[in-house]
Amino acid sequence: MSSTTATAHGHATHAGHHELGFVQTYIFSRDHKMIARQFLFLGLFMMILGGLLALVVRWQLAWPETAVPGLGGILKETSGILEPSTYNMAFTMHATIMIFFVIMPILAGCFGNFCIPLMLGARDMAFPVLNMLSIWTTASAGVIMLVGFFVPGGHAAAGWTSYAPLSAVPSYTGTNWGQNIWCISLFIMGIGSMMGSINYVTTVINMRAPGMKLFRMPLVVWSLFITAILLLLAMPVLTSGVAMLLFDRTLGTSWFRPSGGGEPLLWQHLFWYFGHPEVYILILPAMGIASEILPVFARKPIFGYHAMAFSMIGIAFLSWIVYGHHMFVSGMNPALGMAFTVTTMIIAVPSAIKTFNWLGTLWGGSIRFTVPMLNALAFVSMFVIGGLSGIFMASTPVDIFIQDTYFIVAHIHYVVFGGSIFGAFAAIYYWFPKMFGRMTNPLLGHLHFWPTFVFFNLTFFPMHIIGVGGQMRRIYNPMQYEFLQHQQHWNVFITVSALCLGVAQIPFVINFFWSLFAGQKAPLNPWNANTLEWSAPSPPPHLNWGATLPTVYRGPYEYNAPESREDFLPQWQAPVRAGAPRH
Amino acid sequence: MSPTLLEAPPAGVRANGRTPPPARPTGGGDDHEGEPGPRRPVMANAQLATMFVIAAETMFFAGLIFSFLILRVGAAVWPPPLQPRLPLGMTAVNTLVLLASSAVMVRAVRALGAGDRAAVLARLGGAAGLGALFLTVQGFEWARLIRFGLTVSSGAYGATFYTLIGAHAAHVGFALTWLAVAWILAARGRVDARQPAALKACAMYWHFVVALWPVIWVSVYLV
Ligand SMILES: [Cu+2]
Numbered sequence: 001m002s003s004t005t006a007t008a009h010g011h012a013t014h015a016g017h018h019e020l021g022f023v024q025t026y027i028f029s030r031d032h033k034m035i036a037r038q039f040l041f042l043g044l045f046m047m048i049l050g051g052l053l054a055l056v057v058r059w060q061l062a063w064p065e066t067a068v069p070g071l072g073g074i075l076k077e078t079s080g081i082l083e084p085s086t087y088n089m090a091f092t093m094h095a096t097i098m099i100f101f102v103i104m105p106i107l108a109g110c111f112g113n114f115c116i117p118l119m120l121g122a123r124d125m126a127f128p129v130l131n132m133l134s135i136w137t138t139a140s141a142g143v144i145m146l147v148g149f150f151v152p153g154g155h156a157a158a159g160w161t162s163y164a165p166l167s168a169v170p171s172y173t174g175t176n177w178g179q180n181i182w183c184i185s186l187f188i189m190g191i192g193s194m195m196g197s198i199n200y201v202t203t204v205i206n207m208r209a210p211g212m213k214l215f216r217m218p219l220v221v222w223s224l225f226i227t228a229i230l231l232l233l234a235m236p237v238l239t240s241g242v243a244m245l246l247f248d249r250t251l252g253t254s255w256f257r258p259s260g261g262g263e264p265l266l267w268q269h270l271f272w273y274f275g276h277p278e279v280y281i282l283i284l285p286a287m288g289i290a291s292e293i294l295p296v297f298a299r300k301p302i303f304g305y306h307a308m309a310f311s312m313i314g315i316a317f318l319s320w321i322v323y324g325h326h327m328f329v330s331g332m333n334p335a336l337g338m339a340f341t342v343t344t345m346i347i348a349v350p351s352a353i354k355t356f357n358w359l360g361t362l363w364g365g366s367i368r369f370t371v372p373m374l375n376a377l378a379f380v381s382m383f384v385i386g387g388l389s390g391i392f393m394a395s396t397p398v399d400i401f402i403q404d405t406y407f408i409v410a411h412i413h414y415v416v417f418g419g420s421i422f423g424a425f426a427a428i429y430y431w432f433p434k435m436f437g438r439m440t441n442p443l444l445g446h447l448h449f450w451p452t453f454v455f456f457n458l459t460f461f462p463m464h465i466i467g468v469g470g471q472m473r474r475i476y477n478p479m480q481y482e483f484l485q486h487q488q489h490w491n492v493f494i495t496v497s498a499l500c501l502g503v504a505q506i507p508f509v510i511n512f513f514w515s516l517f518a519g520q521k522a523p524l525n526p527w528n529a530n531t532l533e534w535s536a537p538s539p540p541p542h543l544n545w546g547a548t549l550p551t552v553y554r555g556p557y558e559y560n561a562p563e564s565r566e567d568f569l570p571q572w573q574a575p576v577r578a579g580a581p582r583h
Numbered sequence: 001m002s003p004t005l006l007e008a009p010p011a012g013v014r015a016n017g018r019t020p021p022p023a024r025p026t027g028g029g030d031d032h033e034g035e036p037g038p039r040r041p042v043m044a045n046a047q048l049a050t051m052f053v054i055a056a057e058t059m060f061f062a063g064l065i066f067s068f069l070i071l072r073v074g075a076a077v078w079p080p081p082l083q084p085r086l087p088l089g090m091t092a093v094n095t096l097v098l099l100a101s102s103a104v105m106v107r108a109v110r111a112l113g114a115g116d117r118a119a120v121l122a123r124l125g126g127a128a129g130l131g132a133l134f135l136t137v138q139g140f141e142w143a144r145l146i147r148f149g150l151t152v153s154s155g156a157y158g159a160t161f162y163t164l165i166g167a168h169a170a171h172v173g174f175a176l177t178w179l180a181v182a183w184i185l186a187a188r189g190r191v192d193a194r195q196p197a198a199l200k201a202c203a204m205y206w207h208f209v210v211a212l213w214p215v216i217w218v219s220v221y222l223v
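Line order of the protein sequences matches chains C and Y.
Going by this note's numbering, the first residue of the first sequence is number 1, and it counts up by one from there.
Going by this note's numbering, the first residue of the second sequence is number 1, and it counts up by one from there.
A hint or two may mislead.
As the list claims (entries may be wrong) - Simulated DEER-style distance windows between Cβ atoms:
#1 K213/C / T177/Y: 36 to 44 Å
#2 W136/C / V137/Y: 30 to 38 Å
#3 I27/C / T177/Y: 53 to 61 Å
#4 L499/C / P79/Y: 56 to 64 Å
For the record, the hints were derived by calculation from the structure and aren't laboratory data.
C-beta: ideal position from N, C-alpha, C; glycine also.
Using the sequences provided together with the hints, build the complete structure.
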């Protein structure tokens, strides 16, 4: 590339595009916004796959051992009927894909990449090349994970938690290479997430625009910053665990195999030491997204900005000392169990602070029920239900009763679907205009949101009931158990609702692609929001801003501020009168 | 602060061009007069990032070391009967070799501050040489242990030994690669007294890998 005639100020795009070519612009891009889009497409593609796997699982539970429509061509030997091993594989991969390749890429990967530089007033991430490596490492891990479906013996089938010794000895699940590939993929994914989080943390600490003090950062950036720190410290523990598991399976080591002096329970400790912070890795960005969207559409400052930031920091600290609540039935010392009960209940306090602050933000606001706002409100309300059922299970005696039942399945889905996925939808609708330069269609948005909200609840709320009724998670056929037969109608109801929930995503897909190519062109600041990304063009060019970076004069939530004639006062707008700026 | 921090990217940087944008750290905040202004960052990006890499790696090794200790404490007899004992003397000397490489690294960074490029290159080479010597000795020890019948599949004893020591050796190997890159950068003048971050980051990682070894050595060989 010998061109010396290119000019600065971002006007070189015409000449630049011809020289760069497709590959450098769209595939091996170093631009944080393109990388964000790549993470989004990766996550959305995997979401279709993970969702279909969930429907397969649901079909088996409602109409056990009948042919699953559409699977006749894939499961030829059984003409579409799930065998127990295939069923185990389906629920294992549903969870693995949804957690590691849908929610993490969309919330942390996509919106972390998109929001952090734009909302802090940086031209790009601190390490653009590392950023590119991060998406391609994660994408490779995803491809490797998909390869597992095609190896002999099928994919991993020991649950997404892959408890040893079930996962450590190939003959126990009958999967050999599937479980190995699961380990290898998550190992690589751990490296990719480390590259990403190092970038996030460095960018937040070192790359903020003039005036962007830590406590002027938008809360979504705070949440992503804390998420990145949790990722940095939690993922390596999983990485070490899956490495040991892989060695046990392939090299014959004895980390988790009692026959050689190993300790199966060790896996649970390693897994949940990662696993509980992971839950907050999945939910914190959605909390940040809600904190971002609620003030914009309530036209009010966020209630308790500092409390919001500090409660996220508190959650991050506490998330390290609660992991034992996943192991109440593992034979742990009751005194230790008691300690984990107490810490788990304490972690509800910062979460409750956040919830009350969201309600305080809405109180007395002039609320606009746009599609992103509806999704953010769904996040808040569903997170409350998921959080409350979490407190049930924090208590050891209750947990022992409902351990490994559909109650926990209901809880986790209220948190990661009701919480994280509604947060992701809110974020997609909210930042779509900035990300792609076009507005989404509000009618299709409503057609997506309302059925999703209704069928989400119809799908997952009855799971509490059948869980307390005794239905265990991960069972192949509930009809095999006499005491579960009387509530089989709930399983049918849940599956029908789940199918409707799947159908309800069609308007989203149509909306996404239609808006991508034919949506109305987005103005600079369609929501009249205050944060810095709305001062950049839609979509922002490479390096985000023209000649000068924006300067930040105030916090991110000055809606209906008395000193402004408008009902919003952007962070980048210089104060009218000279003098000390507001803090 | 200097206003250049706020200027446009230099001419020649095209949209999504080959050269990454020279994103300069600003670390926003208010200046002493309460006006918004760029603030000098506490640490260069590369060093800050290396700090977080070290934090993550610490968690990785904490996972391995604690798992090892749990198996070690849970075992009735350790080392198990009929298994070879781990060589103490040779590895103690090897520990000193690795610690010496860290000292050489400190002097290399000091030479960079003094602007003495020849000394920087020599000392970086010395640190790398000591690191490579450490790995070689380790390789011979492994070969001997395998000849004595200690393998990865000989129970928790062999499994933990080879996993832990192997994980550390892999990190020394990675650190050596990083050191080679830093050596090339220094040789080409891309790292000097005014832009020391790349070498300082490499040195931080090297010290981390060195400091990790005594912890592993004590828990695996001595405890
Ligand atoms: Cu937990």
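Evaluation of the provided hints:
1. K213/C / T177/Y: 36 to 44 Å: Between K213/C and T177/Y, where Cβ atoms are some 38 Å apart, the hint holds.
2. W136/C / V137/Y: 30 to 38 Å: 37 Å, holds
3. I27/C / T177/Y: 53 to 61 Å: 26 Å, violated
4. L499/C / P79/Y: 56 to 64 Å: At roughly 58 Å between Cβ atoms, P79/Y and L499/C fall inside 56 to 64 Å, so the hint holds.
Hint violations for this structure: number 3 only, all remaining hints satisfied.
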